[in-house]
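S.K.: Each protein sequence line maps, in turn, to chains A, B and C.
Heads up, the first sequence is in the working numbering, so the first residue is 73 and it goes up one at a time.
Heads up, the second sequence is in the working numbering, so the first residue is 18 and it goes up one at a time.
Heads up, the third sequence is in the working numbering, so the first residue is -16 and it goes up one at a time.
Quick caveat, the hints were computed from the structure, so don't treat them as lab data.
A hint or two may mislead.
[Claimed, not checked] With a straight-line Cα cutoff of 30 Å, these simulated BS3-like cross-link-like pairs (lysine-lysine) come out: (1) A:94 - B:238; (2) C:263 - C:156; (3) B:238 - B:257; (4) B:238 - A:194; (5) A:271 - B:238; (6) A:271 - A:194; (7) A:194 - B:257.
[Claimed, not checked] Taking beta-carbon pairs under 10 Å as the criterion, some of the chain A residues facing chain B (in silico): (8) 129; (9) 159; (10) 161; (11) 177; (12) 184; (13) 188; (14) 191; (15) 236; (16) 239; (17) 240; (18) 263.
Here the structure is a predicted model, which is why all the values come from computation and not from measurement.
Where a beta carbon is used, it is the ideal one built from N, C-alpha and C, also for glycine.
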Amino acid sequence: MTATLEVRNLRTHFFTRAGVVKAVDDVSFSIAGGQVLGLVGESGSGKSVTGFSVMGLVDPPGHVVEGAILYQGRDITRLSERDMRALRGNRIAMIFQDPMMTLNPVLRIDTQMIEAVQAHAKVSRAQARSRARDALGQVGIPSPDERLAAYPHQFSGGMRQRVAIAIALLHHPDLLIADEPTTALDVTIQAQILSEVQKLAVTYGTALIWITHDLSVIAGLADEIAVMYAGRIVETGSAARVLDTPLHPYTQGLIGSVPSRNRRGEKLRQIPGMTPSLLRLPPGCAFRTRCPHADAACEQEPEPSQPVPGQTTRCFHPLIAVSA
Amino acid sequence: MTTWLIRRLIQALFVVLAMSVIVFIGVHVIGNPVDILISPEADQAERARIIASLGLDQPLWKQYVLFVDDALRGDLGRSFVFNEPALRLIAQRMPATLELAVTAVLMSMLFGIPLGLYAGLYPDGVVARTIMAGSILGFSLPTFWVGLMLIMVFAVQLGWLPSTGRGATAELFGIQWSFLTLDGLRHLLLPALNLSLFNISLVLRLVRAGVRETLPMDFVKFARAKGLAPARVIFVHVLKNIMIPVVTVVGLELGSTIAFAVVTESVFAWPGMGKLIIDSINVLDRPVIVAYLMMIVLLFVTINLVVDLLYTLLDPRVRLEAKG
Amino acid sequence: MSSADTAPKLPLPLREGVGGRGPVREETPFRRFVSEFAASHIAVAGLIIFVLIGVAAIFASLIAPQNPYDLAQLDIMDGRLPPGSASSTGYTYLLGTDDQGRDMLSGILYGLRISLGVGVGSALIACVVGTSLGLFAAYIGGRTDAAIMRLVDLQLSFPSILVALMILAVLGKGVMNVVLALVIVEWAYYTRTVRASALVERRREYIEAAECLALPRRRIIFRHLLPNCLPPLIVIATQQVARAIALEATLSFLGLGVPITEPSLGLLIANGYQYMLSGKYWISFYPGIALLVTIVSINLVGDQLRDVLNPRLKR
Ligand SMILES: Nc1ncnc2c1ncn2[C@@H]1O[C@H](COP(=O)(O)OP(=O)(O)OP(=O)(O)O)[C@@H](O)[C@H]1O
Ligand code: SF4
Ligand SMILES: [Mg+2]
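Isolated chain A (complex conformation) (with noise of 0.2 Å):
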């Protein structure tokens, strides 16, 4: 069976004023129908930007340098811009960060809506209203019938997010990259929102990328899970591995910081150490600078390994004997 999709050795590079930055950099993954895979990191670590370059959405400076991205087996970085406007919105959606940002404050909700229905289904606009009802309904919009007629600065910030999943999910995609959709938004409607996402999800087949740096937020949900540093996937496993026995130094310190691991008493271990400018790695493994484990081997380039079937990760020295 071929995955829902296919990311192989992606690099999108970002040719800024500054220098070239690798926002991804040698990224593989893949994800099949009805599964949840979790993408985590740190703020800036190239989770958005994996993102967009699936979606073929990565604008100037930037743009996807090298690999692959296969969906249901076809290369989509070399569709053209009209059969890749096709898939986009209507077999992969996407849903943003920011829900105070993503609807466009002055046109009303019908119309972003039905546009979105007309862009791929010839429908009349009475038929695309009624379908972004049914839709608004769906994700627990009270009232659809008049929120339609509404702006987005009406809507409370869960219920603009509600709107924009509303949005992505109106043609049952095949892949939804969901990019922190909740981390905008209070506990409660957080895990309201994911478990919905999630339920439509499995509903129609849909692969869901959940992309978070909270590692908590997944951990009930996802079936796999990538890690990603510095533009790179450090670990991939499925989740009950990763979480239990992680192999990357870096997903243990992700994994210690998360409050509800901890034991009572002990201190919150944080990661020590900054994120590292992009604009200016050091040679060998990224997180060198901040590893408990570096030693001179880590000046060379990691490659990713297995030490463990179905786990890989990128690190000379994994934690096998330590979990072990």
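With chain A fixed as given, assemble chains B and C with the ligands onto it according to the hints.
M.R.: Frame of chain A; chains B and C with the ligands shown alone:
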């Protein structure tokens, strides 16, 4: 909305009152009202009679009340030159000026929006740079100078377009208009272009800045993520956001365009109120001057009000706040 | 809700800054200012041209081949000669002559003197008046401030041409009247700018310190507030000189500005206007070019000044 409107009306009334005081002081205190309001040809008896009838022997505040009282009844004196009520003279010339100014404002959007859009979408190209350099000239060159050049090139050298007068007119709503006949349109073109150059520069800079500012916004990316065609993204999502400031500015500029029509009308011998006021100043036909100034103030205040209204209609956020 | 609340935040049509300057050797602020200004060759060219024009205007009576207002030197027989014609006294009219037989080149040099004199003079007076009011408003605050700013708003809501027209309609023609009209048109721009930056400065600690030391008001205002308002003031003043010259030319062209005995460029253009349709373009055209070059050169300098001085404002 109603309270808002009433408040704005009261504000407007205050401005008109303030300006009437200023014009009154200008004419009655700084200048000699006897010289200003009485034809130099009048003999001694006539002078005394008029001084009494105008109440110039009364205390100043009473004179002002009288002035306002007359003004309210639409009596701002008689022109010495035409021996007609000054107000009627101005009313006769007003359509020509309004026609010119409105055409100029429309032209400024017609040229300014596409040019600004282009310069905003391709900011680094040679064409965009040329457009921006041209707009600096449009800002800084005196209108009359550009008018002369237009006449020199298009009327004298090339002989394509006429350089003076309104040409043939046709009647609509009991008023003569140039834009209804082909000859009239030919006459309208150069003066309207001349008058619009400043506004074209203004609009194109506003639009360019707006495009540069809006393009990187999340909601534009989200619109693209829905799979919309580029035309819809640019003309609906981007442009609609920019149109609010543009329409406001263009509307506010209508007032100064009418004021600057004074220059263009003189260059192109366009028989509007601008030419009338210049002629009147040159022959010291002061009742006409006073009437013109009061009319212009009223016009300004009205325009400001209408623009405010239009602005609330365009921007849903303001509209709702105004509703309370 | 007042209209001020609904006013849209308009994106300023500013040029992109010259970002990315690294730290350089020790430099005085003035040196850095000069080197940043010189980064734009076109602005330097504008400055050179403007200085040349200024020198030509100041020494017009020495440079000009003819004194165009000495009737004894004019020969009506030489009227409306095209550029390059020889005069009856054997001298060449490089830019032709006007209807009085006046050498256009001389007329332009003398006209420049009046145009520049009126433009720069009125801008300077407006600068002094407007700056004083702005500083005063910012320092005093309260009702005085509110009253002054109301006046500024009212003034700025009417287009410059209209205000100038009103004043000249009441006062009549004359060089001094034009200067007065231009000052009245312009002062508000200075006041608004100076008040805004003075308000920012006022809240700084050193002003509070100066107040605690009970330094005299005048000293605080002029020694402490004013110097910090200078960068935006310089930018505005440059722009206003260009605007004043353009407005004076416009008013004179309309016959409301300077009298016929002291013709500025605008009046020269107006005089030649009637002959333009018959193809005798030079009487209007060359004064027009002089006006154009003057205004554009000032604006080039002004644009670069704005780019150089603006980032410093934000710091
Ligand atoms: N347009 C751009 N120009 C230059 N660099 C960019 C651009 N967009 C992103 N980057 C760089 O790419 C890197 C990755 O950014 P990205 O937005 O993918 O991070 P992220 O993992 O999504 O972080 P966050 O959790 O903050 O959203 C960042 O270092 C950023 O500076
Ligand atoms: S490669 Fe070395 S530095 Fe990098 S994570 Fe592994 S142990 Fe740490
Ligand atoms: Mg992100």
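S.K.: Now tell me if each hint is right for this structure.
M.R.: These are the hints, each one checked on the structure:
A threshold of 30 Å between alpha carbons decides the hint, and for residue 94 of chain A with residue 238 of chain B the separation of about 21 Å falls inside it, so the pair holds. With a C-alpha separation of about 28 Å, the suggested pairing of residue 263 of chain C with residue 156 of chain C holds against the 30 Å cut-off. For the hint linking residue 238 of chain B to residue 257 of chain B, the alpha-carbon distance of about 15 Å falls within 30 Å, and the restraint holds. Between residue 238 of chain B and residue 194 of chain A the CA atoms are separated by roughly 23 Å; this keeps the pair inside 30 Å, and the hint holds.
Between residue 271 of chain A and residue 238 of chain B, the direct Cα distance comes to roughly 26 Å. Compliance with the 30 Å bound is thereby established for this hinted pair. Distance restraint check for residue 271 of chain A and residue 194 of chain A: the Cα-Cα separation of roughly 28 Å lies within the 30 Å cut-off, and the hinted pair is therefore satisfied. Between residue 194 of chain A and residue 257 of chain B the CA atoms are separated by roughly 25 Å; this keeps the pair inside 30 Å, and the hint holds. Hint status for residue 129 of chain A: holds, given a least beta-carbon distance of 6 Å to chain B, under 10 Å.
Interface hint at residue 159 of chain A: satisfied, since its Cβ lies 7 Å from the closest Cβ of chain B, which is below the 10 Å cut-off. At about 4 Å, the closest approach between the beta carbon of residue 161 of chain A and any beta carbon in chain B falls short of 10 Å, and the interface hint on this residue holds. Among the interface hints, the one on residue 177 of chain A holds; its C-beta lies about 7 Å from the nearest C-beta in chain B, closer than the 10 Å criterion. The closest approach between the C-beta of residue 184 of chain A and any C-beta of chain B is roughly 8 Å, which is under the 10 Å cut-off, so the hint is satisfied.
Nearest Cβ of chain B to the Cβ of residue 188 of chain A: about 4 Å, under the 10 Å cut. The hint holds. For residue 191 of chain A, the suggested interface contact is upheld, since its CB lies about 5 Å from the closest CB of chain B, less than 10 Å. A least Cβ separation of about 7 Å between residue 236 of chain A and chain B falls short of the 10 Å threshold, and the interface hint therefore holds. Look at residue 239 of chain A: its Cβ gets to within about 6 Å of chain B, closer than 10 Å, so that hint holds up.
At about 8 Å, the closest approach between the beta carbon of residue 240 of chain A and any beta carbon in chain B falls short of 10 Å, and the interface hint on this residue holds. Taken as an interface hint, residue 263 of chain A does not check out: its beta carbon lies about 24 Å from the nearest beta carbon of chain B, beyond 10 Å.
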